[in-house]
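Novice: Sequence:
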Amino acid sequence: MNWQEYIHTDSAVLAGKPVIKGTRISVELILERLANGWTEQMILESYPHLPKNALPAVYTFLLENIREDVFQIPTTLRQAS
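The sequence shown maps to residues 1226 to 1306 in our numbering.
Since the hints were made in silico from the structure, they are not lab data. A hint or two may mislead.
As the list claims (entries may be wrong) - What follows is a list of derived Cβ distance ranges for each label pair:
no.	residue 1	residue 2	range
1	D1294	H1233	11 to 21 Å
2	H1233	I1291	30 to 40 Å
3	K1242	H1274	16 to 26 Å
4	E1270	E1293	26 to 36 Å
5	T1285	E1257	16 to 26 Å
6	N1290	T1248	13 to 23 Å
7	K1246	L1288	15 to 25 Å
8	E1230	L1256	13 to 23 Å
A virtual CB, placed ideally from N, CA and C, is assigned to each residue, including glycine.
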């Protein structure tokens, strides 16, 4: 999946957040909906102008960005009992 066919940024659209081309639907919004329990079908029905292949593009975009970045996750210190 070539996510660049579906996702781009433009400083004049949503302050430069990644969006689905030809829309003002951000990658963030789609991920937020999924995190809140929406199904792909619910998203596509709620945003009928969203191309069906935009969802796999969002997943690929996220995967590639996670692979390229280093995340600092704090470690919880456990006290000895």
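Novice: Are the hints correct? Go through all of them and say.
Specialist: Hint-by-hint comparison with the structure:
| no. | hint | in the structure |
| --- | --- | --- |
| 1 | D1294 x H1233: 11 to 21 Å | holds (19 Å) |
| 2 | H1233 x I1291: 30 to 40 Å | violated (19 Å) |
| 3 | K1242 x H1274: 16 to 26 Å | holds (18 Å) |
| 4 | E1270 x E1293: 26 to 36 Å | holds (33 Å) |
| 5 | T1285 x E1257: 16 to 26 Å | holds (18 Å) |
| 6 | N1290 x T1248: 13 to 23 Å | holds (20 Å) |
| 7 | K1246 x L1288: 15 to 25 Å | holds (19 Å) |
| 8 | E1230 x L1256: 13 to 23 Å | holds (19 Å) |
Of the hints listed earlier, the one the structure fails to meet is number 2.
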